[in-house]
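Q: Protein chains in written order, with the UniProt record's numbering: chain P, 1 to 213; chain B, 1 to 213.
By construction, these hints were calculated from the structure, which means they are not laboratory data. Honestly, I wouldn't trust all of these hints.
Unchecked claim - Think about it this way: if two alpha-carbon atoms lie no more than 20 Å apart in a straight line, the pair counts; the simulated EDC-like pairs of lysine to aspartate or glutamate are:
no., chain 1, residue 1, chain 2, residue 2
1, P, Lys203, B, Asp212
2, P, Lys203, B, Glu170
3, B, Lys203, B, Asp165
4, B, Lys136, P, Asp212
5, P, Lys136, B, Glu181
6, P, Lys203, P, Asp71
7, P, Lys203, P, Asp100
8, B, Lys158, B, Asp212
9, B, Lys136, P, Glu191
10, B, Lys203, B, Asp47
11, B, Lys136, P, Asp47
12, B, Lys136, B, Asp47
13, P, Lys72, B, Asp47
14, P, Lys203, B, Asp165
15, P, Lys158, P, Asp196
16, B, Lys72, B, Asp100
Stated by the list, open to error - If you anchor each label on the Cβ, the simulated ranges turn out as follows:
no., chain 1, residue 1, chain 2, residue 2, range
17, B, Pro21, P, Glu122, 39 to 47 Å
18, B, Arg25, P, Gln88, 55 to 63 Å
19, P, Tyr66, B, Ser109, 50 to 58 Å
20, B, Ala35, P, Arg161, 34 to 42 Å
21, B, Cys90, P, Val190, 21 to 29 Å
22, P, Thr85, B, Glu122, 56 to 64 Å
To be verified - Output of the computed footprint for chain P on chain B, the stretches with three or more beta carbons under 8 Å from beta carbons of chain P:
no., region
23, 127–133
24, 169–178
25, 193–206
Fair warning: this is a prediction, and the values are worked out from it, not measured in the lab. The beta-carbon is built from N, C-alpha and C at its ideal position, and this holds for glycine as well.
2 protein chains.
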Amino acid sequence: MEDTATPVSPQEQIASPRRAPSQQRSRERVERMLAAASALIAEQGSDAMRMGEVAERAGVSIGSLYQFFPDKRAIVWALAERYTTESQACISAALAGVGDAEGLGQAFSELVDIYYRLFLAEPVMRDIWSGTQADKALRQLELADSRANAEFLAAVLKRLRPAADPVALETTAFLVWQMGEAAMRLAISVERQEGDRLVAAYKRMALRELLDG
Amino acid sequence: MEDTATPVSPQEQIASPRRAPSQQRSRERVERMLAAASALIAEQGSDAMRMGEVAERAGVSIGSLYQFFPDKRAIVWALAERYTTESQACISAALAGVGDAEGLGQAFSELVDIYYRLFLAEPVMRDIWSGTQADKALRQLELADSRANAEFLAAVLKRLRPAADPVALETTAFLVWQMGEAAMRLAISVERQEGDRLVAAYKRMALRELLDG
DNA sequence: TACAAACATGAGTAACCCTCATATTTGCAA
DNA sequence: TTGCAAATATGAGGGTTACTCATGTTTGTA
Numbered sequence: 001m002e003d004t005a006t007p008v009s010p011q012e013q014i015a016s017p018r019r020a021p022s023q024q025r026s027r028e029r030v031e032r033m034l035a036a037a038s039a040l041i042a043e044q045g046s047d048a049m050r051m052g053e054v055a056e057r058a059g060v061s062i063g064s065l066y067q068f069f070p071d072k073r074a075i076v077w078a079l080a081e082r083y084t085t086e087s088q089a090c091i092s093a094a095l096a097g098v099g100d101a102e103g104l105g106q107a108f109s110e111l112v113d114i115y116y117r118l119f120l121a122e123p124v125m126r127d128i129w130s131g132t133q134a135d136k137a138l139r140q141l142e143l144a145d146s147r148a149n150a151e152f153l154a155a156v157l158k159r160l161r162p163a164a165d166p167v168a169l170e171t172t173a174f175l176v177w178q179m180g181e182a183a184m185r186l187a188i189s190v191e192r193q194e195g196d197r198l199v200a201a202y203k204r205m206a207l208r209e210l211l212d213g
Numbered sequence: 001m002e003d004t005a006t007p008v009s010p011q012e013q014i015a016s017p018r019r020a021p022s023q024q025r026s027r028e029r030v031e032r033m034l035a036a037a038s039a040l041i042a043e044q045g046s047d048a049m050r051m052g053e054v055a056e057r058a059g060v061s062i063g064s065l066y067q068f069f070p071d072k073r074a075i076v077w078a079l080a081e082r083y084t085t086e087s088q089a090c091i092s093a094a095l096a097g098v099g100d101a102e103g104l105g106q107a108f109s110e111l112v113d114i115y116y117r118l119f120l121a122e123p124v125m126r127d128i129w130s131g132t133q134a135d136k137a138l139r140q141l142e143l144a145d146s147r148a149n150a151e152f153l154a155a156v157l158k159r160l161r162p163a164a165d166p167v168a169l170e171t172t173a174f175l176v177w178q179m180g181e182a183a184m185r186l187a188i189s190v191e192r193q194e195g196d197r198l199v200a201a202y203k204r205m206a207l208r209e210l211l212d213g
């Protein structure tokens, strides 16, 4: 996966590059800007990230920064979008091959573990998804991402339980997924040991919901 | 150049009045400030709320505002604290009298409904708890509140299932409660109809976890 | 009545996001 | 190669906002 372009984004004033970099030179510079932002977020959080600092660390002027990102949130949004794109492929692959209840249990359990480990290890991801409630564009992105992932899950459920009401299955899948994200956010904001317990409890709860109907 | 003698508050830099109003006059003024802030949050959200506007609407100077609140977040925090104090009493009362599984199901179901209606009706509450992820002090308050409420729930569970592992029950209660708050936030950010479905699904899921172990 | 502590004020400060006029570089057609 | 428009680069400065502080006023009380 390269290129990515990220030309425009859905509806309204969702953050998007003000101008897509078309030359090699500027594409590299945009990469440097994103890398600088990522590093700063890891160090101090996106709230404390200063645009001037991003520019300085990327070795560009403040004006260049705004040439490609309409505002501060757009940078965070761009980073978030990369995470969702990557993880969706991973999730889709993990769930696509599921054929029976046991397989679902296995795959889901592994996904939860992977996500938890990712949240623990990636300060940038953690920071970005923490700000999800406050920022409208981020919230939209997270909702869309969650919906997409929940649909993968719902597809499996429909396969396993063809007699069940499809809408109910979709609701369950969406809820279970969102609860998972909430559980992760909770788990990483408490002591490690309690976090582990909470994730384990979530997993049990979710699996029961998914498997026993 | 930092505040030397701030009265301080529980651990860390949790927001608190810089100086407690001791005179009748100032107590009234603080009330007016909070009322003004509440109205502005309801109108435009706490992010768009301007300190100057709060002062103007409360009929006080900007300096007076900062006499009692160390910063902007402290005002939001003070409002949030009122909500938690009020609701904790309500929740405690609802759960205290529960004697059997059926009673728990009844009480919990009612609590969920009340909370959902509250979230739908109260823009201030909605706004404040939305910002919970971004603001550290608010997050602490919400966590503490959630822990307290979860303890009421855990106490009931321990009464109903004295043989079960207490720590597991506490974990379950805390998780279920946090999932509930997440479900509410989710529900109010989608179409009303889908929100209703999600809340209903959460209720089913939570009740199963609470009642069936 | 005196006086210290509490309270009130608002012009001023600092920090930050973002703009824009201007300069430079690139791609490409003639 | 040369000319030129589009793309890219720059950073001083505009505008907004949270917050401070020196100064003045009110209140409780000895």
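Q: Confirm or reject each hint.
A: Structure-based check of each hint:
1. P:Lys203 with B:Asp212: Answer holds: Lys203 of chain P to Asp212 of chain B is near 16 Å, not above 20 Å.
2. P:Lys203 with B:Glu170: Since the Cα atoms of Lys203 of chain P and Glu170 of chain B sit roughly 16 Å apart, the hinted pair holds (cutoff 20 Å).
3. B:Lys203 with B:Asp165: 24 Å, violated
4. B:Lys136 with P:Asp212: 38 Å, violated
5. P:Lys136 with B:Glu181: 19 Å, holds
6. P:Lys203 with P:Asp71: 38 Å, violated
7. P:Lys203 with P:Asp100: The given pair, whose Cα atoms are some 18 Å apart, holds under the 20 Å limit.
8. B:Lys158 with B:Asp212: 13 Å, holds
9. B:Lys136 with P:Glu191: The given pair, whose Cα atoms are some 16 Å apart, holds under the 20 Å limit.
10. B:Lys203 with B:Asp47: 32 Å, violated
11. B:Lys136 with P:Asp47: Roughly 12 Å between the alpha carbons, so the hint for Lys136 of chain B and Asp47 of chain P holds.
12. B:Lys136 with B:Asp47: 15 Å, holds
13. P:Lys72 with B:Asp47: The hint holds at about 15 Å.
14. P:Lys203 with B:Asp165: Holds, at about 18 Å.
15. P:Lys158 with P:Asp196: Not satisfied, since the Cα-Cα distance of roughly 30 Å exceeds 20 Å.
16. B:Lys72 with B:Asp100: 45 Å, violated
17. B:Pro21 with P:Glu122: 39 to 47 Å: Roughly 45 Å apart at Cβ, these two residues keep to the hinted range, so it holds.
18. B:Arg25 with P:Gln88: 55 to 63 Å: Holds, at about 59 Å.
19. P:Tyr66 with B:Ser109: 50 to 58 Å: 52 Å, holds
20. B:Ala35 with P:Arg161: 34 to 42 Å: 53 Å, violated
21. B:Cys90 with P:Val190: 21 to 29 Å: Since the Cβ atoms of Cys90 of chain B and Val190 of chain P sit about 25 Å apart, the hinted range of 21 to 29 Å holds.
22. P:Thr85 with B:Glu122: 56 to 64 Å: For Glu122 of chain B against Thr85 of chain P, whose Cβ atoms are near 36 Å apart, the range 56 to 64 Å is violated.
23. 127–133: Result for this restraint: holds, n = 4.
24. 169–178: With 5 residues closer than 8 Å to chain P, the region 169–178 of chain B meets the three-residue bar; holds.
25. 193–206: holds (count 6)
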